[in-house]
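These are the residues of each chain, in order.
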Amino acid sequence: MTFSSHRGFAARAMRVSRHIELSPFQAALPCAAMLLFFTRLGLAQEPQPSSLSISPGAIHLGECFTLTVGNGAEMNVDFQYTLNNGPVQTTTLKLDANGQYTICTTSDTPVGTYNFVGIKNAANSTWVPVSATITISGPPDFSPSVSPSSGTVDQGQSTSYTVSVSAINGFNSSVSLSASGLPPGASAAFSPNPVSYGGVSTLTVITSTTASTGPFAFTVTGTGGGQTHSASPTILIKARQPTSLSISPSQGYAGVDCYTMTVGNGSGMTVVLQYTLKGVSQPDWSVGLDPSGRWGICLPHDTATGLYAYTAIRNQDRSDWVTLNRPATCEVFPPQPTWLSITPASVTAGQGSYRMTAGNGARIALDLQYTLNGVPADPITGWPSLEEVAQGSPDGKADIGVRVCTPPGITGLRQRRTPATRRGCPFRLPSLSIRPPRPR
Amino acid sequence: MCPFLTVACHGLLLGFTVLASSNTCLLAQETLPDIVQRAHTAHGGRWISGQIVDWVSEGKLTYFTVAGPQASFDVTVLRKGKLQIQRIIKQTGGEVRQGADGTRNWDSLRGWFVGSAHGHALDFIESQTGRSIQNLFNFQSEGLILQDLGTKNGARVIEAVNRSGRRTSYFIDLTTSLITRLEFVTGQSIDAFSRRPVPSLDTYIFSDFRAVNGVVTPFKIERYLDGIKAEEMRFTSVRYNAPVKDDVFKP
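Quick note, the sequences are listed as chains A and B, same order.
All residue numbers for the first sequence refer to the working numbering, where the first residue is 1 and numbers rise by one.
All residue numbers for the second sequence refer to the working numbering, where the first residue is 441 and numbers rise by one.
Be aware that a few hints might be false.
Simulated crosslink set (SDA-like; lysine to any residue; CA at most 25 Å straight-line) [unchecked claim]: (1) K278(A) - K522(B); (2) K500(B) - T657(B); (3) K278(A) - L641(B); (4) K530(B) - D395(A); (5) K397(A) - G627(B); (6) K278(A) - G594(B); (7) K530(B) - S250(A); (8) K278(A) - Q628(B); (9) K278(A) - I645(B); (10) K278(A) - R636(B); (11) K397(A) - A682(B); (12) K660(B) - D494(B); (13) K278(A) - P509(B); (14) K278(A) - P473(B); (15) K669(B) - G350(A); (16) K278(A) - S647(B); (17) K530(B) - G374(A); (18) K397(A) - Q628(B); (19) K522(B) - I668(B); (20) K278(A) - R621(B); (21) K690(B) - F513(B); (22) K278(A) - A507(B); (23) K530(B) - P376(A); (24) K669(B) - D395(A); (25) K500(B) - I668(B); (26) K530(B) - G350(A); (27) K522(B) - G594(B); (28) K397(A) - P639(B); (29) K278(A) - P637(B); (30) K530(B) - A377(A); (31) K397(A) - V506(B); (32) K397(A) - Q531(B); (33) K690(B) - D395(A).
These are computed hints drawn from the structure, not numbers from a lab.
Could you build all of it, start to finish, from the sequences and the hints given here?
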């Protein structure tokens, strides 16, 4: 701002308190010119102003201040001043009857410290040294900032930012905060809100397990004291990771049992798994989980036996692995037969044969417990010759001839189990009647 | 230099440094037939010449479950020539016989019998005949093609492929040159979770080697089905050129 050398400013930016739009500089010019003329001719020496005071000493833009000049009533006075210690500038003002001049600032007024160093009657040439200061600052305001400027969060998790509200020019209002532009599935909460001037608020961005993934810029807006400002942090929402893995039951029989794999935080996720079978690393394997984070399978007859140990898991959409603190294991035992049948039910010793069929019994060895004429007989151990009933069938069969020396009677099979398994499974058992050989 | 020759040389240096009397690797040019010959020598060197006509092994057979040993029975294994085999398991309720006579095979028990052996019974019979260690030693006359599967668990693995493409792996110990393991694929199972195919293996592990009439013979044979121990045979006596009559090879 200049007062004298920029007459346009005076007309534009200053208004006399009496609401005269005419610049005080403009009003003073004709008289000042005359006085200067006579002074140079050495014809007159007009009274000089004696002092200068400014009140108040500091204002914001849009406010007014008053210059009071001792012995300056109705005088055209020249003022020398600097703005922010810049070059000395001069302006001329026509004072009122009280030796005062009121200046009101506008939004265009340059802000800074104005130092008045000299005054004189515009008709004179000699300056009277003075020292008076007015500081003009911008309007009270605030500036929001967000730290960190970018955050990262997994789906279903939350992350925090610090929102700082810096007061400017004596800003002393509270600021209400809001966030916009977050992707679907993400929401924001501020604490506290509103935040006092010069204070901080914690912004927590909460994401759902289905929140959109990727990098997003969003806006944090603060409103207070008639001012609105915003900051634009970013957030990277990454696909969520599974947190745990369990398999139940821990042991099962091929062709009999079913396993359920449960993955923590795995709802609807496709996971990739690292595992070993019998201690040998297998290629990674992926599977889609249901909304409960589960996946189930009933072991078919031809399931590879041994210990499966899962050591790491990850979301298919992520490349980083979650290492399991303890491997999730399950052990698959060889098939356990589920039923047994014998046809025909009666065979003559030395003639014909019968077929024994074991459900889920293809290519397994059977242990058999049976009775002969109601009396428990010694069990058969490791009967290994059950072949597939048909190509790909889980059921096994053996066609068994009955020799002439086979003892006649009713043979009831009591129980069976496979040698490689540890438990027997009672089931409804068939009987076979061996008739004595026919006399020849 | 082909990788095989390099491995052969290193493996031999481990086990037979005494043989390497100069700084050069004397056995650097060892071929697969050489390796089999070395194993044959380690086993006594009497199989190729036909000095062994038949033999009888007697001892105990123990069945295993995943929980451990289940039941033990006396067992006798009779062998004659390349094709005749009979394993007699004296279970308390009667004998179980698994064998072959060159034209048929069987699996019988207690007067019942199965017309032909299948499954694990047939696999055992094959391990004693067409896939036997003796068959490997006579690979040339048997028309076997040898393939090098490298070194695994301290053993050189040689795969023999017969005329019909059937494959059997033999593990030759790097230190002793004895055959300590015989293994073959019996089928295919499915990974419980990934549904990828996994080969089903029948594995025989030989140990407790003792010299019988100059033949270095395993007195302990463990059988694993898909890595799960199923049987163990511990012999108390092995007799070569017993002799064994033909009529014992029947159900």
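Status of each hint after checking the structure:
no. : hint              : in the structure
1   : K278(A) - K522(B) : violated (35 Å)
2   : K500(B) - T657(B) : holds (16 Å)
3   : K278(A) - L641(B) : holds (13 Å)
4   : K530(B) - D395(A) : violated (28 Å)
5   : K397(A) - G627(B) : holds (17 Å)
6   : K278(A) - G594(B) : holds (19 Å)
7   : K530(B) - S250(A) : violated (36 Å)
8   : K278(A) - Q628(B) : holds (16 Å)
9   : K278(A) - I645(B) : holds (17 Å)
10  : K278(A) - R636(B) : holds (15 Å)
11  : K397(A) - A682(B) : violated (37 Å)
12  : K660(B) - D494(B) : holds (19 Å)
13  : K278(A) - P509(B) : holds (20 Å)
14  : K278(A) - P473(B) : violated (33 Å)
15  : K669(B) - G350(A) : violated (37 Å)
16  : K278(A) - S647(B) : holds (22 Å)
17  : K530(B) - G374(A) : holds (24 Å)
18  : K397(A) - Q628(B) : holds (19 Å)
19  : K522(B) - I668(B) : violated (29 Å)
20  : K278(A) - R621(B) : holds (18 Å)
21  : K690(B) - F513(B) : holds (20 Å)
22  : K278(A) - A507(B) : holds (16 Å)
23  : K530(B) - P376(A) : holds (18 Å)
24  : K669(B) - D395(A) : holds (23 Å)
25  : K500(B) - I668(B) : holds (19 Å)
26  : K530(B) - G350(A) : holds (23 Å)
27  : K522(B) - G594(B) : violated (29 Å)
28  : K397(A) - P639(B) : holds (23 Å)
29  : K278(A) - P637(B) : holds (15 Å)
30  : K530(B) - A377(A) : holds (15 Å)
31  : K397(A) - V506(B) : holds (24 Å)
32  : K397(A) - Q531(B) : holds (22 Å)
33  : K690(B) - D395(A) : violated (28 Å)
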